[in-house]
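Each chain, written out:
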Amino acid sequence: MTALNARRRRILLTGGTSGIGLELIRRWGDRHEIVTTGRSLSSDLADILENRPSITHAVADQAKPMEAADRIAEALAARDWETLDHAVLNAGTGFAGDPASEDTARLLETLDTNLTSTMLVAQRLFPLLEKGRGTLTLIGSTAHRGAPGFASYAASKAGLNGFARSLREEWRGRIIVQVLHPGPTRTMMHQKAGLDTGRAGTFFTPPAAMAAMIDHAIARRVAGRRLSFLRYWSGESLLARGL
Amino acid sequence: MAVKRALITGASMGLGAAFAAILAGDGWELVTVDRQPHDNDDAHSSAAARFQCELSDPAEVTRLLEGLEQGEGFDLVILNAGANATGRFEAIDPDVIPRLVHLNAFAPMALAAGFANAGKLKAGSHLLFISSLSHFTGYPGASAYAGTKDAIAIYAKSIRKPFAAKGISVSCAFPGPLRTTHAERHAPTGAQAEKRMLPEEAAEKIVAATLAGKKTIIPGLGPKLFSIAGRAFPRITSRVMRHLIYDRLDREVW
Ligand SMILES: NC(=O)c1ccc[n+]([C@@H]2O[C@H](COP(=O)([O-])OP(=O)(O)OC[C@H]3O[C@@H](n4cnc5c(N)ncnc54)[C@H](OP(=O)(O)O)[C@@H]3O)[C@@H](O)[C@H]2O)c1
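Just so you know, the protein sequences line up as chains E and C, in that order. Just so we're aligned, residue 24 is where the first sequence starts under the working numbering, counting upward by one. Just so we're aligned, residue 4 is where the second sequence starts under the working numbering, counting upward by one.
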């Protein structure tokens, strides 16, 4: 099932408690070693963790970037990991609404969770990824090109895109840096963001298919890519399943 | 005609001081926001009101907003304050990363949203963000900075329509290297200062384009061409930037 086959890998995945991250754990959980994070352990993830010592969860709230980076470093140290094959920085949040009345606290939470924390964690992981000749994958969004009703979220994802573009050059030859931009995916994110997707929601990519596309893009080490419904229907998810 | 009011963040030096000088010369009433009071500066001392604020601290930005929301509205708001951090990303002091995101992205976003929400941006007013030419070219050797400047560029793009509906025109400027002390500190050793544009010249072009309602402002022909190359050949341009900047880095500066 997983495009990352061949050998057992050490993977850090932020935001594995729900949505796309949870589906990535479902794909990888039987074959690889995983440390994952989130603000709390969800029951879905708890079910998967049962009888699987190869997957551990650490509480890390990325709205507090320095603390989150510390918690993640501790979680890796607790597993005695000094190298890492893959870091998938997927945790993210956002709030929809008119940008002219956006609350500054939410603006800060979006930037810190999605951008500041991701940068800080990437920096912490540098020695482990370098030793493991690993891959750093940032989960952006197709909104990184701009979104009037989701302005600070779009800005945070644009920040990830620009950061990855430059860091990829800096770390060339040592660590592969990629940024993947999922299109609308059928997770709880929109509901949490206060967005009514209406009937359009039925056309969103299922999270398991998005996880398959991400898995595939990581295995193929692409620099950056939009992962969308169109790609899904044009058969990339089948490819990713190894058909 | 009533005197027009402008707010400028980071008006004490470089591009911000140039904005202040131009507007003061044209008879604008200025409100400035700076980290430290700079009394000796001519243009700056003409400001009607000066606020002191460490803009890299979100709590101070929130307090500043509360103060400014009590005052009169603005015809022009220039969210100019910003800082760079150059060096290998893994070698930069981690404390600098949140400060850069907060100063370069959070502060301008919070001020824009806060002013709009409090009705401090008059109908027919202009809101100007300062991104960087790196938005089009990448900036290996300043990856965190590049991320924050992309964030602000896309924020400006995202709010353009909803703000236009309130009569507020949003512009974003993408200056290339300028002959400021800021650029001097971060330039690779041996880089030629004469090739960089004077902040006065850049400010003149940016203010004129902003008041004309232009949304994307790239001052200078060289930077314009570079931005086109960056959009047409992003990979190659990033490689060139690596060669021009990252491969010549000899120190970390923030
Ligand atoms: N769904 C879409 O349409 C879509 C489209 C483009 C991009 N994306 C991106 O894909 C990623 C995953 O989103 P999703 O759709 O799977 O949404 P989701 O179901 O809401 O999952 C978000 C994950 O991020 C974690 N997270 C959120 N805030 C956090 C914080 N402050 N600290 C630590 N972890 C935090 C959540 O864990 P806890 O709640 O346990 O903290 C959860 O595991 C996000 O980066 C999102 O921006 C989603």
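Among the hints, a few may not be true.
Distance condition first, Cα-Cα at most 20 Å in a straight line; then the derived SDA-like pairs of lysine to any residue [stated by the list, open to error]:
no.	chain 1	residue 1	chain 2	residue 2
1	C	Lys125	C	Glu75
2	C	Lys169	E	Glu73
3	C	Lys125	E	Lys154
4	C	Lys169	E	Ala123
5	E	Lys154	C	Glu75
6	C	Lys125	E	Asp121
7	C	Lys217	E	Pro171
To be clear, the hints were calculated from the coordinates, so they are not data collected in a lab.
Evaluation of the provided hints:
no., hint, verdict
1, Lys125(C) with Glu75(C), "holds, 10 Å"
2, Lys169(C) with Glu73(E), "violated, 54 Å"
3, Lys125(C) with Lys154(E), "violated, 55 Å"
4, Lys169(C) with Ala123(E), "holds, 9 Å"
5, Lys154(E) with Glu75(C), "violated, 57 Å"
6, Lys125(C) with Asp121(E), "holds, 18 Å"
7, Lys217(C) with Pro171(E), "holds, 18 Å"
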